[in-house]
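There are 2 protein chains.
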Amino acid sequence: MSEIKAITPRDKDFAAWYTDVVKESGLVDYSSVKGSMVICPYGYAIWEQMQKILDEKFKETGHENVQMPMFIPESLLNIEKEHVKGFAPEVAWVTQGGSDKLEERLCVRPTSEVLFCDYYKKIIKSYRDLPKLYNQWCTIVRWEKTTRPFLRSREILWQEGHTMHATEQEAINETLKMLHVYEDFQRNVLAIPVIVGKKTEKEKFAGAEASYSLEAMMYDGVALQNGTSHYFGQGFAKAFGIQFLDQNNQLKTPYQTSWGVTTRMIGSLIMVHGDDRGLVLPPNIAPIKVVIIPIGDSEEIKSVTKTIAANLKDQKISYKIDDRDKTPGFKFSEAEVKGYPVRIEIGKRDLENGEVTVVRRDLLTKVKYPIDKVVAHLAPLFIDIQKSMYNKALKRRDSMIYEANSWIEFSQIAQNKSGFIKANWCGSVACENKIKDEFGMKSRCLITDEKITTNCVVCNKEAKYRLYFGRQY
Amino acid sequence: MSEIKAITPRDKDFAAWYTDVVKESGLVDYSSVKGSMVICPYGYAIWEQMQKILDEKFKETGHENVQMPMFIPESLLNIEKEHVKGFAPEVAWVTQGGSDKLEERLCVRPTSEVLFCDYYKKIIKSYRDLPKLYNQWCTIVRWEKTTRPFLRSREILWQEGHTMHATEQEAINETLKMLHVYEDFQRNVLAIPVIVGKKTEKEKFAGAEASYSLEAMMYDGVALQNGTSHYFGQGFAKAFGIQFLDQNNQLKTPYQTSWGVTTRMIGSLIMVHGDDRGLVLPPNIAPIKVVIIPIGDSEEIKSVTKTIAANLKDQKISYKIDDRDKTPGFKFSEAEVKGYPVRIEIGKRDLENGEVTVVRRDLLTKVKYPIDKVVAHLAPLFIDIQKSMYNKALKRRDSMIYEANSWIEFSQIAQNKSGFIKANWCGSVACENKIKDEFGMKSRCLITDEKITTNCVVCNKEAKYRLYFGRQY
Chain A
142 MSEIKAITPR
152 DKDFAAWYTD
162 VVKESGLVDY
172 SSVKGSMVIC
182 PYGYAIWEQM
192 QKILDEKFKE
202 TGHENVQMPM
212 FIPESLLNIE
222 KEHVKGFAPE
232 VAWVTQGGSD
242 KLEERLCVRP
252 TSEVLFCDYY
262 KKIIKSYRDL
272 PKLYNQWCTI
282 VRWEKTTRPF
292 LRSREILWQE
302 GHTMHATEQE
312 AINETLKMLH
322 VYEDFQRNVL
332 AIPVIVGKKT
342 EKEKFAGAEA
352 SYSLEAMMYD
362 GVALQNGTSH
372 YFGQGFAKAF
382 GIQFLDQNNQ
392 LKTPYQTSWG
402 VTTRMIGSLI
412 MVHGDDRGLV
422 LPPNIAPIKV
432 VIIPIGDSEE
442 IKSVTKTIAA
452 NLKDQKISYK
462 IDDRDKTPGF
472 KFSEAEVKGY
482 PVRIEIGKRD
492 LENGEVTVVR
502 RDLLTKVKYP
512 IDKVVAHLAP
522 LFIDIQKSMY
532 NKALKRRDSM
542 IYEANSWIEF
552 SQIAQNKSGF
562 IKANWCGSVA
572 CENKIKDEFG
582 MKSRCLITDE
592 KITTNCVVCN
602 KEAKYRLYFG
612 RQY
Chain B
142 MSEIKAITPR
152 DKDFAAWYTD
162 VVKESGLVDY
172 SSVKGSMVIC
182 PYGYAIWEQM
192 QKILDEKFKE
202 TGHENVQMPM
212 FIPESLLNIE
222 KEHVKGFAPE
232 VAWVTQGGSD
242 KLEERLCVRP
252 TSEVLFCDYY
262 KKIIKSYRDL
272 PKLYNQWCTI
282 VRWEKTTRPF
292 LRSREILWQE
302 GHTMHATEQE
312 AINETLKMLH
322 VYEDFQRNVL
332 AIPVIVGKKT
342 EKEKFAGAEA
352 SYSLEAMMYD
362 GVALQNGTSH
372 YFGQGFAKAF
382 GIQFLDQNNQ
392 LKTPYQTSWG
402 VTTRMIGSLI
412 MVHGDDRGLV
422 LPPNIAPIKV
432 VIIPIGDSEE
442 IKSVTKTIAA
452 NLKDQKISYK
462 IDDRDKTPGF
472 KFSEAEVKGY
482 PVRIEIGKRD
492 LENGEVTVVR
502 RDLLTKVKYP
512 IDKVVAHLAP
522 LFIDIQKSMY
532 NKALKRRDSM
542 IYEANSWIEF
552 SQIAQNKSGF
562 IKANWCGSVA
572 CENKIKDEFG
582 MKSRCLITDE
592 KITTNCVVCN
602 KEAKYRLYFG
612 RQY
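The listed protein sequences correspond, in order, to chains A and B.
Per the working numbering, the first sequence starts with residue 142, numbered consecutively.
Per the working numbering, the second sequence starts with residue 142, numbered consecutively.
If we strip away everything but chain A, and leave its shape as in the complex, we get (with noise of 0.2 Å):
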């Protein structure tokens, strides 16, 4: 086991645990450029697969790719007045091409709104133009200082959704739609469970009128905002002067959307399903669902392997056979720090009869099936370690979420605990600011499906709503 190096115990220091996890999976590594990473082949199998599965629905939903510039002239950025305050800080300045010094500065873009507004300015004449329903996968870059592996980069890669539509109904409803797109591939392809849910004046997106975010909650209690859906209102078009002819001949200023996901999923994936011994992968996301690990090099071996690789390609279950000369116990552990779902073991003693031995990475139970009927055991183990995942991420995170009532109650909680905490709020910023700056919790989102019963938990004032607080990533 030399070539995989030791795992720090997640409980014992889980930025630690991160990093290795990350690393010795073979997800990312570090690279020479300060900033940015490589994302290495295991990792970008998996955003792969994100993308291959959200690319799906977006196009179900009658999103269409598009691709534009990646640069933005400095005036460009600056036409939106929220939106460059809000970005401008952390954007990278091109300032020369080849021998020349520009007239004008180029940014690297950190979102394409502005893009997107520039192009919909000149192509959005009449209502029969309406909706347009576009979407880019690309790479942005955000200048940050600190970086972590998926959590924070200098360069991300992603998805944005940017669309118009004639009346604020239409680009509410698409808002909500692609929240809730994104939802379900948490809920039912990651296995992750989100908090979804509007976020407050101070914490929207520079520029949109209401912002949505899927908030998930590591292992460690953290939040991590796993996507976010945002609606603009007509603040953008208006800056822009997009109008549209409507029915009636009259010209009107078109309403608009954006929403967008990224491989800090990946993160997510890591720090909501991980363990000691590394990555967990839900089936519905692993680039391999299956690893075949032949104990020893018979005759009777290679056949059973062969025969079983044979019904798992027949049956499209993703696999690898891993024949390479390494110790069985390398073998099992690095298939368990890769997360692979399910490994099979065929080893000579099972063979004596008729059977192999399957064990589920999530659990690391064992079960022994007979050769010809192990693969039409996976599909319902599939599912079932899909569910049990998922529940187990929901039981961990729902025991971590809070609830106070007094500014003392709150108080405690943040001192003593990681997670969630509900609490009902006057509306100032100044109260969220006090919660932030006391214990570095930021309010994560609107609750509305409950009452609020209490008066603002930071100034005793009459609340008006209720909220998700907690650390972020």
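Among these hints, one or two may not hold up.
Since the list gives no way to pick one copy over another, a pair counts as held whenever it fits inside one copy or between any two copies.
Derived pair list, reagent style EDC-like, types lysine to aspartate or glutamate, alpha-carbon separation capped at 20 Å [to be verified]:
| no. | residue 1 | residue 2 |
| --- | --- | --- |
| 1 | Lys200 | Glu189 |
| 2 | Lys263 | Asp170 |
| 3 | Lys447 | Asp491 |
| 4 | Lys242 | Glu215 |
| 5 | Lys339 | Asp325 |
| 6 | Lys318 | Glu350 |
Hints are computed from structural coordinates only; laboratory data are not their basis.
Keep in mind that this is a model prediction, so the values were computed, not measured.
Got chain A sorted already, so can you dock chain B onto it with the hints?
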């Protein structure tokens, strides 16, 4: 037909024709970011098809996708001397991050050899780590002064394979293997005949030991380099100090390749197959193979449209129904400008005979088929269209390849004809330059399967090579 702009006839002004076709078919639009273009949904869908088909081939041949940083620190770009000379004059430089001036400027990758080498140096230690067969799909930047959609752009979408091997022979085999993957793709998917061969020393890639290219001839006789595959030998590996321990525990330097294709291939699709009505797409690459155009909106027409659409869906044939409130004439024109391989017209008169009309885009011929048999006729029709488009392109290309055995012959052909010229050459850069300076023709690639019968076409000294010459995009 008011919404479709008239397309400049191809034989009147080829450049204007090209611009009209890319714009009117909805592949690309101009952006207000100088030198960058917007790839519209239809153009991006073609690129997605290319990606899907090629990516599958890359994976079948053992390659894995990764993602490297997009920025290259200046000191890293400077490591391989030939390479930096070739690329430094055309890169975009990031000099500022947020509000800080960078200590070292970074270029936006114009290609990623140095990034891969920097990473390979870190991960290749032993013969067991070889080969490394990595590929990357990404956007690169080259600071071009004049740009044309798909042909010359500041931002280029592409894939770049970068591989490392223990032996010279293995690396040479890889270079040629991927060249042939490209060749197959271009012939059988894009229906584009390509001349495949080695570049001269002068024309090879900056830092390569040998460059091979796929040379396609456009309708106007001008060459488009449709892909390249390079053998690097140990040049980069030595410059970067990449070494591995072989089976005998000896330190060795590995051998390297790189290979790539870009969205330029969309440019060649347009310029090889397009006609005065617009784009003509081969079925094997068309994102939408069939457009159904109902003429009228009677219940019967609607019902037949539905039936045929259901059959297409069953057969997994991509299609689109154009039931917009437009005239049939407009829809036919649009179907033609977009180059859908086949359109099915569903009209009242045909239905009286139980038939619908099928129009193939390449020949614009019409055939009537019984409603229930039409979809079954499509598979063989697509094969026929694909073959016929390839043969047509091949015939035209071959008719525009000339042979020159003396300077006088070369001059006369170069001044009077468009196309490629085969000629013998002594191997001196002076002679190669003379042809370029006098006629704007560069050497395309070496011909190795034909005998050298005369002396150098320029200096009349002994010829060592036989070459294609041609003007290029």
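To see whether the hints hold, each was checked on the structure:
1. Lys200 / Glu189: both (16 Å within a copy, 13 Å between copies)
2. Lys263 / Asp170: between (42 Å within a copy, 10 Å between copies)
3. Lys447 / Asp491: within (16 Å within a copy, 55 Å between copies)
4. Lys242 / Glu215: both (15 Å within a copy, 16 Å between copies)
5. Lys339 / Asp325: Only inside one copy: Lys339 and Asp325 sit 17 Å apart there, 51 Å across copies, limit 20 Å.
6. Lys318 / Glu350: within (17 Å within a copy, 54 Å between copies)
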